[in-house]
Structures are given as structure tokens and as C-alpha cells.
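K.L.:
Sequence:
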Amino acid sequence: MKVDNEVMALLSASRTEDNKLFITGGQLDKSLYARLDKTLKAAGGKWNTKAKAHLFAGEAADAIENILMTGEVTVPQDFGFFPTPPIVAKQAADLAEIGDGMMVLEPSAGKGSLAIAAHAAANDVQVYMHELLPDNHAILVSLNLPMSGVSAPGDFLQVEPKPVYDRVLMNPPFDKKRSDIHHVFHALKFLKPGGRLVAIMPSGVTFRDDALTRDFRSIVEQRGGHIEALPESSFKQSGTMVGTVLVVIPAAA
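Residue numbers (my numbering): 225 to 477.
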């Protein structure tokens, strides 16, 4: 996320003290403060009225140094991450038809909504998770789901496929690079015979006419899968109004 010049000027003139960031220059107008606060939240800072400063988990100077050097701040949405609302996670888990003792894979697991839903769907479910973003990875580890595990942080597309999973439950990245389709194609390689994949995807997969999307729909059809629309604004609380669908794809025969 690019940081505008007015916010950059404020950060350049700011003062830090341990984990505190103090903005100098007096009262800010509402629009400028909103942009500043959005930037600092993305960097891990939170306003504290008592301290009259934005507080960070570590050194405040370290938190804003990269912003001042690059003019950008990284947010999860830059990686196509939009967390799965619990109601959607349950719908996806229901479609997966998870049985007792099954092994379930969740690629790009985010904050674990799908993993939690999968674990609750049956007895003795083993859920294995992959996640790229370090902050999300730490959250997944803290879930401490019984009989489950989290790989080291990394790109799921670089993980060597092993067809050992009964189910794959996933919310792949939403972006303009068709990452959602690439992630689903890779995830299918992890299914054992008789397995099933359920993915939450942008509704563009139902109508885009590029070669990759046509190939995707062909795979769904060939394997006897289906696509069903989610209610409008299902991901509004996650920060996007994009239309979404649930895609069910059985393992190759």
C-alpha cells in the first residue's frame, strides 16, 4: 500500500521513544488523520489515549523505518489475503463432507477459520496448515488445534505435492494474477484417490474467458464437481465486496 506525501511528511517529523510514536504538528484534519492512522495500523501501531501516542509491539522507530525508505507499507491484502468469515468457513466445511479421522489440508491458512471449521466437523480430524505471512503464521500456531500442525512460513506453491490428504479446504489469494486458480491446481495434487477439494474463490471463475479460467472450469466439469454462489457481500467484514463462490472438485479418478 503506497503512503501519500502528507502522511510521509508527518512520519518524517514524528518522534519515537521505545515502542511509542508521537506525531508532532498539532491538530490534524479528519481526512489526514484517518490516512495516518490507517498507515500506522498496517505497520502494527495502535493509538493509545493515555500515552497520547501510537504503540507498537517492538521499537516504533524500526516499525516506520521501512515506510520512510520505500514510501509503502505492506498489508495482508497486498498478498490477496481476506480472512474467511466463520459462517462461510462452516459452509465450506459442510460441503467438504469431512469424516472422522480424516486428514485435511488448508493451504494459505490465514488466521485459521477454515482449519477451525474442519476440526469441528468430525471427530479426530487432523488439519495441516501452510501460511506465508509471519503474523498469520503465529496466530495459527497459537490455535494449538489437537492432532494438527503448521508448516514453517512459506509459499504454498513451492511445497512439493504429496497425495495423502482426504480433503483440501482452502481460501486461496484473491488478486489479479489468477493466484486463486494456480493455488487450487496445485492443491489438487495433494488429494488422495476419493478425496475432495472445496475452495472459496472470487466469482470471476464462473465467467472470465481467459485460457486459464476456461481450463479451470473444464477441470471442475470433467471431475464431476460444481460451483455454487455465496450470498452477496459474504466477505464484506473481511474488507472486500467481491462476489464469491464455493467450488467443489473431487480428486482425479
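Don't read these hints as lab results, they were simulated from the structure. Values in this document were obtained by computation on a predicted structure and should not be read as measured data. Heads up, a few of these hints could be off.
What the hints assert, rightly or not - Derived CB-CB ranges, DEER-like:
#1 363 x 453: 38 to 44 angstroms
#2 228 x 251: 28 to 34 angstroms
#3 251 x 321: 56 to 62 angstroms
As the list claims (entries may be wrong) - Here are the computed lysine to aspartate or glutamate pairs in the DMTMM-like style, where the Cα-Cα straight-line distance is at most 25 angstroms:
#4 270 x 253
#5 262 x 242
#6 416 x 433
#7 262 x 348
#8 314 x 359
#9 413 x 348
#10 386 x 321
#11 314 x 286
#12 254 x 318
#13 416 x 445
#14 460 x 445
#15 314 x 296
#16 314 x 283
#17 274 x 324
#18 460 x 318
#19 460 x 439
#20 386 x 324
All C-beta atoms, glycine included, are put in the ideal place defined by N, C-alpha and C.
K.L.:
All hints, please: hold or fail.
P.N.:
For each hint, the structure was consulted:
1. 363 x 453: 38 to 44 angstroms: violated (29 angstroms)
2. 228 x 251: 28 to 34 angstroms: violated (19 angstroms)
3. 251 x 321: 56 to 62 angstroms: holds (58 angstroms)
4. 270 x 253: holds (19 angstroms)
5. 262 x 242: Distance of about 21 angstroms is within 25 angstroms: holds.
6. 416 x 433: violated (30 angstroms)
7. 262 x 348: Status violated; Cα separation ~41 angstroms.
8. 314 x 359: Given pair residue 314, residue 359 holds - Cα atoms ~24 angstroms apart, limit 25 angstroms.
9. 413 x 348: Satisfied, since the Cα-Cα distance of roughly 24 angstroms is no more than 25 angstroms.
10. 386 x 321: holds (21 angstroms)
11. 314 x 286: violated (39 angstroms)
12. 254 x 318: violated (45 angstroms)
13. 416 x 445: holds (19 angstroms)
14. 460 x 445: violated (29 angstroms)
15. 314 x 296: Measuring from Cα to Cα gives roughly 36 angstroms; hence the hint is violated.
16. 314 x 283: violated (39 angstroms)
17. 274 x 324: violated (50 angstroms)
18. 460 x 318: Holds - the C-alpha atoms of residue 318 and residue 460 are around 22 angstroms apart, at most 25 angstroms.
19. 460 x 439: violated (29 angstroms)
20. 386 x 324: holds (21 angstroms)
Violated hints, in rising order: 1, 2, 6, 7, 11, 12, 14, 15, 16, 17, 19; the structure is consistent with all others.
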